[in-house]
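Trainee: Residue numbers (the numbering used here), protein chains in the order written: chain A, -13 to 100; chain B, 178 to 292.
To be clear, the hints were calculated from the coordinates, so they are not data collected in a lab.
Being a predicted model, the structure only gives us computed values, none of them experimental.
Check each hint, because a few of them may be wrong.
[Said to hold, decoys possible] Just some of the chain B residues that point at chain A, by a computed CB distance under 8 Å: (1) G205; (2) S208; (3) Y210; (4) G219; (5) Y227; (6) N228; (7) A233; (8) N236; (9) Q244; (10) P247; (11) F283; (12) T290; (13) V291.
Where a beta carbon is used, it is the ideal one built from N, C-alpha and C, also for glycine.
Read off the chains here:
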Amino acid sequence: AQSVTQLGSHVSVSEGALVLLRCNYSSSVPPYLFWYVQYPNQGLQLLLKYTSAATLVKGINGFEAEFKKSETSFHLTKPSAHMSDAAEYFCAVSERNTGNQFYFGTGTSLTVIP
Amino acid sequence: DSGVTQTPKHLITATGQRVTLRCSPRSGDLSVYWYQQSLDQGLQFLIQYYNGEERAKGNILERFSAQQFPDLHSELNLSSLELGDSALYFCASSGPRGRGGTEAFFGQGTRLTVV
């Protein structure tokens, strides 16, 4: 089965600083990859997804992620953090050839310091 | 708005009781997933249905059961409730893979409080 590792359950950055949230997956075949964001008391919202086109994927709210097959990674970045980016972020994978199962990481809580 | 509807939004019940959570997937989506999110356990996959059939099972307790109906809505039944069952329960749906369905769309969740 797939597994997803998110390094760092809590990340703090200053407003305006670079945001880097790490995600590594375990699969010999590149899966579909996703980043979701969850604001307090809300459901998960898709930020961006990788499905085999460009390896650098742009998402909503200025976020982007780069798929690196050699490193089995899909790290999420944003050049300049805003206070509104404070939330929980989940990385997820879905295998290409099996029945739409999704595997989520344990989440990273992002705090933005004014 | 993800298009996934969950009812009720909040539920408070006593230990030992039984509750039913309801989910309406996005129009056209055949897969429904149920997740439990609690502070100490994070986001836990419970079960997946695809077009009425159980497709995958995760960390779902025997006291919990689910089903997907012919109109594709799904219900999650939680019985003999314990204090530790207090959590946010999410439903998500996704489209058929062959028709480009990739990501899962999440509802707003049902917050269950067991007292």
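Trainee: Please check whether F283/B passes as an interface residue: C-beta within 8 Å of a C-beta belonging to chain A.
Mentor: Since the shortest Cβ distance to chain A is 4 Å, the answer is holds.
Trainee: Holds or violated: the hint that Q244/B contacts chain A, with Cβ atoms closer than 8 Å.
Mentor: violated (18 Å)
Trainee: Next item in the hint list is Y210/B. Is there a CB on chain A closer than 8 Å to its CB?
Mentor: OK, holds: Y210/B within 8 Å of chain A, min 7 Å.
Trainee: At a threshold of 8 Å, is the proposed contact between S208/B and chain A supported by beta-carbon distances?
Mentor: Check passed: Cβ of S208/B comes within 5 Å of chain A, closer than 8 Å.
Trainee: Answer holds if the nearest beta-carbon of chain A is closer than 8 Å to that of V291/B; otherwise answer violated.
Mentor: Check failed: Cβ of V291/B comes no nearer than 18 Å to chain A, outside 8 Å.
Trainee: Classify the hint on P247/B as holds or violated, based on whether any CB of chain A lies nearer than 8 Å to its CB.
Mentor: violated (19 Å)
Trainee: So, as I understand it, the hint says G219/B touches chain A; can you test that by seeing if any CB pair is closer than 8 Å?
Mentor: Since the shortest Cβ distance to chain A is 5 Å, the answer is holds.
Trainee: Minimum Cβ distance from N236/B to chain A below 8 Å?
Mentor: violated (12 Å)
Trainee: May I ask you to test the interface hint for N228/B with respect to chain A, counting a Cβ-Cβ separation under 8 Å as satisfied?
Mentor: Violated: closest Cβ of chain A sits about 10 Å from N228/B, beyond 8 Å.
Trainee: Tell me if A233/B is really an interface residue toward chain A, meaning its C-beta lies closer than 8 Å to one of theirs.
Mentor: holds (5 Å)
Trainee: Per the CB criterion, is T290/B less than 8 Å away from chain A?
Mentor: violated (13 Å)
Trainee: Would the hint on Y227/B stand, with a C-beta cut-off of 8 Å toward chain A?
Mentor: holds (6 Å)
Of the numbered hints stated above, those contradicted by the structure are hints 1, 6, 8, 9, 10, 12, 13, listed in ascending order.
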